[in-house]
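Asker: Start counting the sequence shown at 3; every next residue gets the next number (this note's numbering).
Just so you know, not all the hints are guaranteed correct.
Taking lysine to aspartate or glutamate pairs in the EDC-like style, the calculated list, with each CA pair at most 16 Å apart, reads [as the list claims (entries may be wrong)]: (1) Lys-68 with Asp-110; (2) Lys-70 with Glu-52; (3) Lys-66 with Glu-95.
For the record, the hints were derived by calculation from the structure and aren't laboratory data. Everything numeric in this text was worked out from a predicted model, so none of it was measured.
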Amino acid sequence: MFYINVEGAVYREDKWLIISRSVKEAHAGGQLSLVGGTVENEGNSINILERTLRRELFEEVGIKVKEKVSYVRNTSFTLDDGSEVVDIVFLCEFEAGEPFAKSPDEVDAVFWMTTDEIVNHPKAPSWLVDGIKEAETLLKLNIY
């Protein structure tokens, strides 16, 4: 059984919304990341991934994104405790709010960063770099 995690590659002008994960987090604590979280069981549901993404963006950093979100990519990985995770990244355009570390148990800091700043940052894991590059490609191709 997999946990399903969703993340938002949120853009505004030429920058991406990036968080520094809380050092309290078991997975990738202290690393840079997109904002996201785990899908909760809602029974029979529609658009659960998008709704989860919007909830997590508001709960963790206090922002809203525009209605249209587009699929970027999915990956899977195993946590240290052996749990299997499927991670799905969506491209989102910033709409409203001033991002801040609203959930300090999950977020230490919030940044707007260019792709180059992310790629060259020592605390940017490969999965973040790859996800941002793919999101940027979609944005530039107007596939979004």
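Asker: Output the numbers, in ascending order, of every earlier hint that fails for this structure.
Answerer: 1
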